Amino acid sequence: MRNPLNDKVVNIKPSGIRKFFDIVTEMKDAISLGVGEPDFDTPWHIREEGIYSLERGKTTYTSNAGLKELRIEICNYLERRFGLVYEPNHETIVTVGGSEAIDIALRAMLDPGDEVLIPQPCYVSYEPCTVLADGVPVIIDLKAENQFRLTKQELLDAITEKTKVLIMAFPNNPTGAIMEQKDLEEIAGVIIEKDLFVISDEIYAELTYGYHHVSIASLPGMRERTIVINGFSKAYAMTGWRLGYATGPKEIISQMTKIHQFAIMCAPSTSQYAAIEAMKNGDADVAEMVESYNGRRRFVVNSLHEMGLECFEPYGAFYVFPSIRQFNMSADEFATRLLQEEKLAIVPGTAFGACGEGHLRISYAYSIENLKVALERLEHFVTKLRNE
Amino acid sequence: MKEKILKAIEKNTKLSAKDIAVMLGEDEVAVAAAIREMEADKVICGYPALINWDKTEDEKVTALIEVKVTPQRGQGFDKIAERIYKFEEVEAVYLMSGGFDLTVVIHGKTMREVATFVSERLAPMDAVLSTATHFVLKKYKEHGIALVGEVHEERMLITP
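Line by line, the protein sequences are chains A and B. Per my numbering, the very first residue in the first sequence carries number 1; after that it's consecutive. Per my numbering, the very first residue in the second sequence carries number 1; after that it's consecutive.
If we strip away everything but chain A, and leave its shape as in the complex, we get (with noise of 0.2 Å):
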């Protein structure tokens, strides 16, 4: 029999989070801070108007790009959160998810052998999208000394003939680090300068803490330059409805449609209908759940500098990510040894790119108490190993 698969698909490594999760399953009693999702439920004036459409019989496809309503509405909230101004029309377009966003507009956008350049850490995502899209994925480290930002300069090295897509990820998942708008103004004049392109996923855009997320195509000169992904996953705590979107020139825009309209046909109606809920009243809502990140935030980032674990505070989504190196061990390594002695769960840096070694990525989508409990087990863990 022929060989049925595709080497391009075989090749891509499963996800380094994907080895720990089959671990952590086969554990009975482990707790965890390694979820990437709030731990709130949608707010019930959202879900209503989801259940609401169902009973009204809002069953059918909606048009390619999502529902005229919610993309005006998507536009209405993207003026007035962070001033960018899009048409609901033609540069806009509803995804199933923001990952489903990331994967079409890199396929929208590539040709064989154009680079796409990665800074890491980062989601799991971007790297098999690139390679998919038959993209080259070009990684750039960024280090712990510069919060994971990306500078200037790491920007510079990494840009070839070749280069033509920036994947910009800010608010980070794993970091938590963020770009002020200072950092972005030095790196989009390099940007517009060797005319690249770049896919902006701000989806942890409505989480941040003592900083106004600013948007890189809010700066002159980008927005004809940006496709920017956001969803609802984060900020209205609506992971399970699969719901994103991405907003654009034009151009880019309508063949990511091509491709949507093709592979999805269009996104789910029900989750459309509580999206539009979300967009016009749920500003209170994120507001409030922001707050409560922040206190949580403030109360793992102390405790994890009283057990003499260092690290930069995150400004933003909802991850801490301590540095371990004083221990001498793989994160790997330290994360495998956490689960099976302490029965904690922690994602290894690893899983988010090479250079997320030495480091973990705590998640603090938990409540005060289940962050109180795990926070002590890994206490007792570094101690012991302190002692060791």
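Derived by calculation from the structure, the hints in this document are not laboratory data. Note that the coordinates shown come from a computational prediction; the quantities given were computed from them, not determined experimentally. It cannot be assumed that every hint is accurate.
[To be verified] Straight-line alpha carbon distances no greater than 30 Å define the calculated BS3-like cross-link-like pairs of lysine-lysine that follow: (1) B:Lys86 - A:Lys372; (2) B:Lys14 - A:Lys343; (3) A:Lys280 - B:Lys4; (4) B:Lys138 - B:Lys86; (5) B:Lys60 - B:Lys11; (6) B:Lys141 - B:Lys11; (7) A:Lys280 - B:Lys11; (8) A:Lys143 - A:Lys182; (9) A:Lys343 - B:Lys11; (10) A:Lys258 - A:Lys19; (11) A:Lys28 - B:Lys55; (12) B:Lys68 - B:Lys139; (13) B:Lys109 - B:Lys60; (14) B:Lys7 - A:Lys372; (15) B:Lys42 - B:Lys79; (16) B:Lys68 - B:Lys55; (17) B:Lys55 - A:Lys372; (18) B:Lys55 - A:Lys280; (19) A:Lys194 - A:Lys280; (20) B:Lys138 - A:Lys372; (21) B:Lys18 - A:Lys384; (22) B:Lys18 - A:Lys372; (23) B:Lys109 - A:Lys372; (24) B:Lys2 - A:Lys372; (25) A:Lys8 - A:Lys258; (26) B:Lys60 - B:Lys18; (27) A:Lys384 - B:Lys14; (28) A:Lys28 - B:Lys14; (29) B:Lys141 - A:Lys280; (30) B:Lys2 - B:Lys141; (31) B:Lys18 - A:Lys343; (32) B:Lys14 - B:Lys138; (33) B:Lys14 - A:Lys372.
Following the hints, put chain B in place on chain A, whose structure we already have.
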């Protein structure tokens, strides 16, 4: 800062002053002082636990009594409200707008106990014109916290 402290402990009175200080990014000593001050001013009136007695062996009944009263000259409703809320079995007393004057919430061990309280203590008071007693059949939510339904972690242990 006081409002933020109140918001933090309203849903979780187990937080220590240190926890609150860390979570709000404030000084621990200042937070502890603010809490003491609010306790003294009766802004914070106590730290009771929210218990779902239905899940215990303890039998308890709760009744909500609508009371119509005659307000007293110079003291309005306050005097009669005080005479009612001084009873130990009275859980809460509210002055209401609308068709009756006071809502009185009673906790008793049995329906008979509540009935006795109403007929022998409450109704005979001079100022009380009438009462209407409603027994609570089931509590779904109290103090913003749902008492029914299972709480379980739906999320997978590890996600990217």
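Each hint tested on the structure:
1. B:Lys86 - A:Lys372: 40 Å, violated
2. B:Lys14 - A:Lys343: Holds, at roughly 25 Å.
3. A:Lys280 - B:Lys4: 27 Å, holds
4. B:Lys138 - B:Lys86: 26 Å, holds
5. B:Lys60 - B:Lys11: Holds: B:Lys60 and B:Lys11 sit about 24 Å apart, inside 30 Å.
6. B:Lys141 - B:Lys11: Within the cut-off at roughly 13 Å; holds.
7. A:Lys280 - B:Lys11: 27 Å, holds
8. A:Lys143 - A:Lys182: 18 Å, holds
9. A:Lys343 - B:Lys11: 29 Å, holds
10. A:Lys258 - A:Lys19: Judged against 30 Å, a Cα distance of about 35 Å means the pair is violated.
11. A:Lys28 - B:Lys55: 27 Å, holds
12. B:Lys68 - B:Lys139: At roughly 25 Å apart (the allowed maximum being 30 Å), B:Lys139 and B:Lys68 satisfy the hint.
13. B:Lys109 - B:Lys60: Holds, at roughly 5 Å.
14. B:Lys7 - A:Lys372: Measuring from Cα to Cα gives roughly 20 Å; hence the hint holds.
15. B:Lys42 - B:Lys79: This hinted pair holds, its Cα atoms lying about 20 Å apart.
16. B:Lys68 - B:Lys55: 34 Å, violated
17. B:Lys55 - A:Lys372: It holds: about 27 Å lies between the C-alpha atoms, which stays within 30 Å.
18. B:Lys55 - A:Lys280: Given that 30 Å is the threshold and the Cα spacing comes to 40 Å, the pair is violated.
19. A:Lys194 - A:Lys280: 39 Å, violated
20. B:Lys138 - A:Lys372: Roughly 33 Å separates the two Cα atoms, so the pair is violated.
21. B:Lys18 - A:Lys384: 26 Å, holds
22. B:Lys18 - A:Lys372: Roughly 13 Å between the alpha carbons, so the hint for B:Lys18 and A:Lys372 holds.
23. B:Lys109 - A:Lys372: 37 Å, violated
24. B:Lys2 - A:Lys372: Given that 30 Å is the threshold and the Cα spacing comes to 24 Å, the pair holds.
25. A:Lys8 - A:Lys258: 23 Å, holds
26. B:Lys60 - B:Lys18: Outside the cut-off at roughly 37 Å; violated.
27. A:Lys384 - B:Lys14: Status holds; Cα separation ~29 Å.
28. A:Lys28 - B:Lys14: With Cα atoms ~28 Å apart, A:Lys28 and B:Lys14 stay inside 30 Å; holds.
29. B:Lys141 - A:Lys280: Roughly 27 Å separates the two Cα atoms, so the pair holds.
30. B:Lys2 - B:Lys141: 27 Å, holds
31. B:Lys18 - A:Lys343: At roughly 27 Å apart (the allowed maximum being 30 Å), A:Lys343 and B:Lys18 satisfy the hint.
32. B:Lys14 - B:Lys138: 27 Å, holds
33. B:Lys14 - A:Lys372: It holds: about 12 Å lies between the C-alpha atoms, which stays within 30 Å.
In summary, the numbered hints that this structure violates are 1, 10, 16, 18, 19, 20, 23, 26.
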